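Chains as they are written, first to last, in our numbering: chain E, 1 to 288; chain S, 1001 to 1566.
Since the hints were derived computationally from the structure, they do not count as laboratory data.
Just so you know, not all the hints are guaranteed correct.
[To be verified] According to the in silico footprint, chain S covers these stretches of chain E (three or more CB under 8 Å from chain S): (1) 36 to 44; (2) 59 to 67; (3) 144 to 157; (4) 196 to 202; (5) 248 to 256; (6) 263 to 275.
[To be verified] DEER-style ranges, computed between Cβ atoms: (7) S:Glu1441 to E:Pro229: 52 to 62 Å; (8) E:Ile30 to S:Asn1534: 34 to 44 Å; (9) S:Val1384 to E:Gln265: 23 to 33 Å; (10) S:Leu1232 to E:Ile237: 28 to 38 Å; (11) E:Phe288 to S:Asn1159: 20 to 30 Å; (12) E:Ile30 to S:Gly1307: 26 to 36 Å; (13) E:Phe288 to S:Gln1403: 42 to 52 Å; (14) S:Glu1441 to E:Asp238: 57 to 67 Å.
If you're wondering where the values come from, they're calculated on a predicted model, not measured in any experiment.
All C-beta atoms, glycine included, are put in the ideal place defined by N, C-alpha and C.
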Amino acid sequence: MSKRNPEYDFKWCPGCGDFGVRRAIEFAMIDRLENTDLPIENNVVVAGIGCSGNLVHLLEGQQPYGIHGIHGRSLPIAFGVKMANPELNVIVVAGDGDFLSIGGEHIGPQAARNLNICAVVMDNGVYGLTKGQSSPTSKSGAITSSTPFGKIEAQADPLQLYLTHGATFVASGFSGQPRELAQLITRGMNHPGFAMVHVQSPCTTYNDFFMEMKGDAKNGIAPLVQPIPEEHDASNIDAAFELIQKPGVPIGVIYEDSNVATLDQKVVDMRSKARVRDAEALLGDFEF
Amino acid sequence: MQMRDFVVRFAGEGGQGVVTSAEGLAQASTQVGYHALTYATFPSQILGGPTWTQARISTETVLSAGDNIDVLVAFNEEAYENHRSEVRDGGVIIFNSNDFEIENNPQSFGLPIDELARTTGNNRAANMIVIGALAHLVNMPQQYLKDFVTDRFTRGRDNDEEIIKSNHQALDLGRSHAAESGFNLGELADPIKPDYQQVMMKGNEAISVGAIAAGLNFYAGYPISPATTVLLYMERNLHGEGKFVYQVGSEIEAITALIGGGYAGKKAMTATAGPGFSLMSEGIGLAWMSEVPLVVVDVQRGGPATGLPTKTEQSDLMSCMYPAHGDVKLPVIAVGTVEECFYGAVKALNWAERYQGPVILMTEMALAERVQNIPRPDLSKITVENRLTYDGNNGYKRYEGDQLSPMPIPGRPGAYVANGSEHDDVGDTTHLASHHISNTERRFNKIELLKENEYESQNPDSEICILPWGGSKGPALEAFNELNAEGMDIGFYYTMLLNPLPPEMLEQLQNKKLVIVPELNFQGQFSSILRSLNVNAVSITQYTGLPFRVKDLVSEIKNLTETKTK
């Protein structure tokens, strides 16, 4: 609600990758409004804490519902919203520190449940809002404000993590390509199950890898982002693992399995045998 | 002289039938019109370990587990040694003579429980051997118990008759064996059968059914003693259109899932104990800040960290009232009886909806596992409240003003951001002082909606009063009755509503010379809160992991009234 709300006092730095992600989400929402008969209030954006989480306030155009919660807990909040009303389209927006470090424990359970939501992770390889500390996706050896002698840990591999946990949709995108990213987000939202869209979203202030991603043709530097070859079989989990081992950042859908029942379907199926009784009947069990 | 009251303690090892004996005696007795209450305490392990339970049978409503033990049933030698000193003068000790022998104690007799059970052809009838023996000791008519057995085991199965026969035989064997021992305690007065429909349930069951009666339709929980039984009840029974129950991966997941569920329009609840409650702290703050209705049940156990997982204590009051950082003070309801477990749960859900925020329902281990007969709650007489919802157009200012406002529900117009950061009218983050001031006031103003004058009082004119909270109500009320009968000038006050307190009651307490607060913690948590509200309160504390004994309260109250009012 940025433009219409002068009191809102959060700003991204000029050139922040998150601008591109915001644009992509807006595109995907507009697309959804145009291609379904569902109104804007059918969408709920659940945001984590960090630069990325502020996206929920910066969206322009028609405003969806939102929750700006607490650090690391966007997934279980989204779980609550979705299971309260499976008709809602629930989108998580979070950063690498928020989603993979403090929130890391929530990825496995939601993937195992195949919770039907789309999570968009903005990976800038650093804690930006707290001014430049090492995050799980910072490179090993990276000098940051919290690793003055270099980061000790190995760099996390989020795509491998999502695949290993059994996410039924894994895509990789780049904030410098908002149109293409919007398509990935749309596919993630339409995917029946747990959809991960991992986005390279450089931090211009503390970890600017934009040129690395984009490459520099003039100086003969090849871009790190590479479109996934058309022949890639996204329904094949082995092919997906193989693809992410290759150098560079693959852009597109890495893995997709639409044949797994979603959590809301499974809950209905598994409990169809349960006896439905009201409080009056339940009290009857205790009469004597 | 006729006995009006009969207290039996069963002690042994987990798996020896210690719990089933107490519950069986309580069920059999209530069936014929007595009142009963059980107390159970277990070790935190799957098999074995020292366990004891107590059943108190009375012709009147039972207030506490009782501290005059008429009979100790010792299933092994260790149990005998640990509990023998608590048997009253003239009481009896029954020991399982298949397991050990007691010599030189004229107060005791052996009952070959396992051997007798075997002769009935049904080893599981061991409870009935014990119950038969107990019935002899207080001259309870055998037919009462036989009718109970017939009733309980008539389940429409092929072997019903066989099981009933072996259990009847067990009752007779136990009874005749006790008769041979020559022991007798007198005669338990005939029951006065209540003329209203009753139910017999545990505290956690009453909370579960109460919550469902109040419209609960979203439950997420994580196993933790002694709250697990609420999760289990919900997994079996919270089903049907629009209802959701799930065992999640942690208490952090539970509270944040509740925030999502409550935000999306559900009546959401979880139940946990101390360690889980600590993990929920940040999430509870988010619910308060973003104004999302939900209920957290804290089934208190003992101590910090893992502490005493299977013992009882009332040491979470400060945590429950002030669970999160920043300026918060949560609505707290603390229940003191199985009946209150039911009605407290209804009220907690109603409060959450009414003020649009988190409510803490406090209970404790001794209540969670307590089996008690209570009048069947009349559902036609409870009020179920629903939140004020928004049904206008988009562009709504959810957080406008310093009072409660209608809450939009996702899927319908009225989109806003439920924000855990300080926010403006539409829910966008702002750090402007003016918003922080008005929203902080708004969050506290809403609590005013919960002020109700629901409390109990006796002898309100007395300058000194006893004010227990939670599960200490029973023993404190019994102590009060005793002191009152002795002619002491003392009053009694009680409420489930610890925050906000009933204004009328608070005003009366402020005018007392002395308010005595029995509570199961070291610091005297409730009395310190009361002192901050200008009440001259002083605690009687205990931190043994066990409930108060009435006789201890009686002497402590006498001491305090002498020393503090001079």
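- Task: Check the following: the C-beta atoms of Glu1441 (chain S) and Asp238 (chain E) are separated by a distance inside 57 to 67 Å.
- Result: With Cβ atoms ~60 Å apart, the hint holds.
- With a cut-off of 8 Å between beta carbons, are at least three residues of the stretch 59 to 67 of chain E near chain S? Our answer is that it holds, as 6 residues pass the Cβ test (under 8 Å) against chain S, meeting three.
- Distance restraint hint 34 to 44 Å, applied to the beta-carbon atoms of Ile30 (chain E) and Asn1534 (chain S): At roughly 59 Å between Cβ atoms, Asn1534 (chain S) and Ile30 (chain E) fall outside 34 to 44 Å, so the hint is violated.
- Message: Is the listed coverage of the stretch 144 to 157 of chain E by chain S valid when you require three or more residues with a beta carbon under 8 Å from a beta carbon of that chain?
- Response: Three-residue rule not met by the stretch 144 to 157 of chain E, so violated; n is 0.
- Query: Measuring from beta carbon to beta carbon, are Ile30 (chain E) and Gly1307 (chain S) in 26 to 36 Å?
  - Reply: violated, 54 Å
- Between the stretch 36 to 44 of chain E and chain S, see if three or more residues pass the 8 Å beta-carbon test, and mark the coverage as holds or violated. Per the Cβ count (5), the hint holds.
- Message: Given the hint of 52 to 62 Å, is the C-beta distance from Glu1441 (chain S) to Pro229 (chain E) inside that range or not?
- Response: Cβ of Glu1441 (chain S) to Cβ of Pro229 (chain E): about 60 Å, so the range 52 to 62 Å holds.
- Message: 28 to 38 Å was suggested as the range; check whether the CB atoms of Leu1232 (chain S) and Ile237 (chain E) agree with it.
- Response: holds, 36 Å
- Message: Just to be sure I understand the hint, the distance between the Cβ atoms of Phe288 (chain E) and Asn1159 (chain S) should be within 20 to 30 Å; is that true here?
- Response: At 23 Å between Cβs, range holds.
- At a Cβ distance under 8 Å, does chain S reach at least three residues of the stretch 263 to 275 of chain E? This one holds; 4 residues, not fewer than the three required, reach chain S with a Cβ under 8 Å.
- Message: Count the residues of the stretch 196 to 202 of chain E whose Cβ falls closer than 8 Å to any Cβ of chain S, and tell me whether that reaches three.
- Response: As far as the stretch 196 to 202 of chain E goes, the hint is violated, because 0 residues have Cβ atoms under 8 Å from chain S.
- Item | chain S over the stretch 248 to 256 of chain E, status - at least 3 residues with CB closer than 8 Å | violated (count 0)
Violated hints for the displayed structure, listed by number in ascending order: 3, 4, 5, 8, 12.
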